[in-house]
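Visitor: Given next are the chains, with one letter for each unit.
There are 2 protein chains.
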Amino acid sequence: MNVGLLGFGTVGSHFYLLAQQQPGVKVKAVLSRRPRPEVSCLVTADVARILSDPDIDTVVEAMGGLHPAYEYITAAMEAGKHVITANKQVVCTYYNELLALAEKTGVALRCTAAVGGGIPWLTSLRRAARMDKMVSVEGIVNGTTNFMLSAMVRRGASFADALHEAQLLGYAEADPSADVEGYDARRKLVLSANLAFGVSLMEEDIPCVGITNIQPRDVAVVRDKGLTFKLMAYACREARGISAYVAPVLVQQHTTEANVEDTGNILTLVGEHIGRQSFLGAGAGGWPTASNVLADCLAVAAGERGYYTRDCTPCFVKNELLDGQWFYRFKGEYYFRQCTAEAAFSTYAVHLMEDPEALMAKVR
Amino acid sequence: MNVGLLGFGTVGSHFYLLAQQQPGVKVKAVLSRRPRPEVSCLVTADVARILSDPDIDTVVEAMGGLHPAYEYITAAMEAGKHVITANKQVVCTYYNELLALAEKTGVALRCTAAVGGGIPWLTSLRRAARMDKMVSVEGIVNGTTNFMLSAMVRRGASFADALHEAQLLGYAEADPSADVEGYDARRKLVLSANLAFGVSLMEEDIPCVGITNIQPRDVAVVRDKGLTFKLMAYACREARGISAYVAPVLVQQHTTEANVEDTGNILTLVGEHIGRQSFLGAGAGGWPTASNVLADCLAVAAGERGYYTRDCTPCFVKNELLDGQWFYRFKGEYYFRQCTAEAAFSTYAVHLMEDPEALMAKVR
Chain C
1 MNVGLLGFGT VGSHFYLLAQ QQPGVKVKAV LSRRPRPEVS CLVTADVARI
51 LSDPDIDTVV EAMGGLHPAY EYITAAMEAG KHVITANKQV VCTYYNELLA
101 LAEKTGVALR CTAAVGGGIP WLTSLRRAAR MDKMVSVEGI VNGTTNFMLS
151 AMVRRGASFA DALHEAQLLG YAEADPSADV EGYDARRKLV LSANLAFGVS
201 LMEEDIPCVG ITNIQPRDVA VVRDKGLTFK LMAYACREAR GISAYVAPVL
251 VQQHTTEANV EDTGNILTLV GEHIGRQSFL GAGAGGWPTA SNVLADCLAV
301 AAGERGYYTR DCTPCFVKNE LLDGQWFYRF KGEYYFRQCT AEAAFSTYAV
351 HLMEDPEALM AKVR
Chain Z
1 MNVGLLGFGT VGSHFYLLAQ QQPGVKVKAV LSRRPRPEVS CLVTADVARI
51 LSDPDIDTVV EAMGGLHPAY EYITAAMEAG KHVITANKQV VCTYYNELLA
101 LAEKTGVALR CTAAVGGGIP WLTSLRRAAR MDKMVSVEGI VNGTTNFMLS
151 AMVRRGASFA DALHEAQLLG YAEADPSADV EGYDARRKLV LSANLAFGVS
201 LMEEDIPCVG ITNIQPRDVA VVRDKGLTFK LMAYACREAR GISAYVAPVL
251 VQQHTTEANV EDTGNILTLV GEHIGRQSFL GAGAGGWPTA SNVLADCLAV
301 AAGERGYYTR DCTPCFVKNE LLDGQWFYRF KGEYYFRQCT AEAAFSTYAV
351 HLMEDPEALM AKVR
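Taken in sequence, the protein lines are chains C and Z.
First residue of the first sequence: 1, per my numbering; consecutive thereafter.
First residue of the second sequence: 1, per my numbering; consecutive thereafter.
Be aware that a few hints might be false.
Said to hold, decoys possible - With a cut-off of at most 30 Å between alpha-carbon atoms, the simulated BS3-like pairs for lysine-lysine come out as follows:
#1 Z:K26 to C:K133
#2 Z:K225 to C:K225
#3 Z:K133 to C:K28
#4 C:K133 to Z:K133
#5 C:K26 to Z:K133
Don't read these hints as lab results, they were simulated from the structure.
Hey, can you work out the whole structure from these sequences and the hints?
Guide: Okay, structure coming up:
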């Protein structure tokens, strides 16, 4: 397999090093604006030199962001090259377009590293969904917010302090909104739910509450009840559609979820027959993420194609059947309320209008 | 894929039902001593009718036990049929013979369901070991003993009561020694370590202590220290060989391992680059186990072969570098001792001669 590697940041550079250990995977060219003296193959700032090279059969996109990643990916597929990416945003946003193009061109499209870093989640989910009817998928899928919540719970750090620390350590970006508002988790949920249920969900349809409104006092209040905050992404199959949300969830302190600390991730599937299976590991980081990119390369080299298929149903999110207990802080007071997820999120939207620091969390 | 199914017990019958949902997998014949009116294909007590049927390309062995499972498996391979089995005992005992035969005949040999029931463990481990150097593998791999320990810890049940309950519920066999003495866990450890480290370990080389000597008083004593008993299988790569053992381990009550309850399993790999990944799920049961057998069928149908290879090194177990703290009960008194695993197990053997109820556990 001859690879054209687009991007040489954290994921790209670690992939380059890992690939050197694999006899079957040869990086032939790297797209990089900067010179890379440490790279022994062609380094170019001109993507056309990679996309027009007939020797390159596979493009690894490790640039991130929507553009020009989308344009490069589609050009690579049009040129008959397999595409492997860790870019959840581009796959999520252009899901239908990319699947249609993969089908038309017959190339592989894989993005295992897009969810759960180095955890073999999407491949395991694909495997389970082929054999069993999936009931639900859920997890702690954003390492940045989990690191921040760990700091807030263990050391009583404020949101601002936890964010600052995460930024210093390189876990959070200068603009942290994709992480702290839950958008990154929501994209990973879409990629998981689409595969689990054979649907095509729209990101914007899924209610999404991040962790920005969690205050030290909230953490102390729930700790006294034996609970702790985790930012969870959840989707389940209902009779009339898919229910899904991203929100802080209060889990019992002794549970497996509560003990996923720092930048760790946990992903759980529930199948009608196989029951509950969870997958834990590093949700980010150069080595783990690059290892899933490399695993995709090996899978493609072995003849596998993508796990997503075009026979997916466009599907609206219906949270009106998903009943449960919810926890609110509104104007400084705490409330519990038993209602559907739909009602919970609309109440929260109303609260937010009156008290922009309103907090909500699902109670497990 | 046309399957000859050997055995129609828990795993076999569930596999039969699951396979009916898969267009690509057709069970053509079932080996069973009893008539099976619920089965629509050929049911025969004569294995030769299955092994000599040229239409059958794959044999699923779900009988368990060493004999005649081994003879049927080798006959199937000699006849050019792929073999899929959930039988850890036969693969473990005849590891070198079966691998050599698979290589000679060019057929697939897979046993994903042999470790971790429905958890995609061996396949994930294979995937990780291809990309990264494995440092260690470990886990709670025996559902029967974990169920019993859960009963002993949560309800203060005695070993005998817990065993009785497990037998009533069908989790333990009339002769429970393979489970409670740790031999089942040790076989699963061999299958995991062989794959992780590219070695061929001998079962008998691995020190193995079960849970038979754990008494209610021990459970209470360690609970007061914030610890709980789990039967763990562990293997790691050392400079001069593989260290490995099966023994009760004292884990902190808040850890992921401590919270694997009842018949649940957890399997963990640590890779040099990808770090720690854990896989949790039902470690036994008809549906989960059958789903892994079916997943193996789908993998073989897609052109995959076995994950074990013959380029493995026969390897002795060396526990002389594996340092740690150990907990003993000897003649009614409790001791902690810092020493190598090798020293710990020899001390325990001496204790056992003097006090047959001596207890040992690794302290995490």
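Visitor: Checking each numbered hint in turn, tell me which of them this model violates, lowest number first.
Guide: 4
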